[in-house]
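S.K.: This is what each chain is made of:
Protein chains: 2
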Amino acid sequence: MKVGVFDSGVGGLTVLKAIRDRFPSLDLVYLGDTARVPYGGRSKETVQRYSLECAQFLLDKGIELLVVACNTASALALEKLKETLDIPIVGVIEPGVKKALEVTREGRIGVIGTKATIKSGVYQRMLEDAGATVYAKACPMFVPMIEEGLLEGEIPKKIVDHYLRDLRGKVDTLVLGCTHYPLIKHLLQEYMGEDVQVVDSAESTALTLRNLIVDEGYANLELYFTDRSESMDFFVEKLLGREVSYEVVPILCKL
Amino acid sequence: MKVGVFDSGVGGLTVLKAIRDRFPSLDLVYLGDTARVPYGGRSKETVQRYSLECAQFLLDKGIELLVVACNTASALALEKLKETLDIPIVGVIEPGVKKALEVTREGRIGVIGTKATIKSGVYQRMLEDAGATVYAKACPMFVPMIEEGLLEGEIPKKIVDHYLRDLRGKVDTLVLGCTHYPLIKHLLQEYMGEDVQVVDSAESTALTLRNLIVDEGYANLELYFTDRSESMDFFVEKLLGREVSYEVVPILCKL
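Listed in order, the protein sequences are those of chains A and B.
Numbering of the first sequence is given in this note's numbering, commencing with residue 1 and proceeding in unit increments.
Numbering of the second sequence is given in this note's numbering, commencing with residue 1 and proceeding in unit increments.
Listed below are the simulated PhoX-like cross-link pairs for lysine-lysine, each with C-alpha atoms no more than 25 Å apart in a straight line:
no.	chain 1	residue 1	chain 2	residue 2
1	B	K157	A	K158
2	A	K254	B	K82
3	A	K137	A	K119
4	B	K98	B	K80
5	A	K254	B	K2
6	A	K115	A	K170
7	B	K98	B	K82
8	A	K115	A	K80
9	A	K185	B	K158
10	B	K254	A	K254
11	B	K98	B	K137
12	B	K61	B	K254
13	B	K98	B	K185
14	A	K254	B	K44
15	A	K238	B	K115
16	B	K137	A	K158
17	B	K115	A	K157
18	A	K80	A	K254
19	B	K115	A	K158
20	A	K254	B	K61
21	A	K137	B	K157
22	B	K80	B	K44
23	B	K254	A	K2
24	A	K158	B	K185
25	B	K80	A	K254
26	B	K137	B	K157
27	A	K2	A	K17
28	B	K238	B	K157
29	A	K157	B	K137
30	A	K158	B	K158
31	A	K17	A	K185
32	B	K158	A	K137
No lab work stands behind these hints, which were simulated from the structure alone.
Work the whole structure out from these sequences, hints included.
M.R.: Next up, the structure:
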């Protein structure tokens, strides 16, 4: 079985890694839309259009199951994708919510994500429906910062402090509502304190696939990006290992 | 005469404003590629492709002169645009360099811009050929920060300090090698000190048009963006006034 995974950029590689770790013989195709990253400040219409284009690219590669490894796309385009495509589709929001509800001790849950994800209210609704008290915060600078490879030092720490100051001390669990954020999990955990459960949806999303996978396949991994960027090699190697190669596939547009 | 102006996002509005202030009866068409902003971390091939698409959109609107109001596109795609298009094309780099050389007292000139602009070495070569000592620095977080509307407060100040620390005290002139940066000129001037000449190319680029404009026209202004963003209204109103309206034109892509 061939499974497709797409994200706006390199962040979804965290989900790809979790899937690969759990199902090592699955055939995987990944698309990172690095030519149009970040998605988090764009309109719903544009995120839906970009998501459909990414999905179509993966369908053309023969996938039978699609993982939307981008929270912004999961929040704004999952319904649209399900309406349009004939294969099973898994987003990253529901698995993350489920995990957070499992690990929270007192039901005080913080959610951080892009402007578009937080504004959609999808996380807030799901968590509140389950009885949690939710503190949501958009962190628009995190994705550009991570895509630039800025993972350490004064700037990331200052930006983390700027966004998370309101949540620290208030929540016992913090949901990373963006697949880029696991790449700065060390900073977030340090800032929030060791007693706060920091939840990313990569592992839970991988678990969700268990019931959908028919047979595993031949452990092929195809990796595509829509543009070359300086930090890309760093992330591919960091998450998937040195021997993994990728192909850049240009997007052709018409205005 | 109809003049087209394009930029990756809202930054080029600073150039549009300078042109409109100087030639108030010129017909102007602006395109901000907000669906694919920022350009500064993308590859040369992708910046060239996006620039050609923006130029084609403006050609279809009947422009007779093109202003590339984006330093990244001017650095990586100006030659390509000149090869491909049959109309006169003006970039923002040469006017900025000319202005810097006019105002510098001791020839110690700092240049800041996106990763792609600084890496291209275009500014450095032009300034050094004229005998200046050049200090160049890429500031990749400035464009996402400005496109988010983060123009005041602790985060922008910290980021300014991070990037400009090496230049402060060393240069007598600072060239803003990105049309977004005039939107944080107040922070940059304050940080560098009042005796440093902060040069943006908007005014000089407008001046360059003087010899290329045949007749001014009917003072029409058409404004297009490829996506809606939250901060867009703020920038349009801030730079062009409350009465100015715009249209969102979706990009159609094929992967």
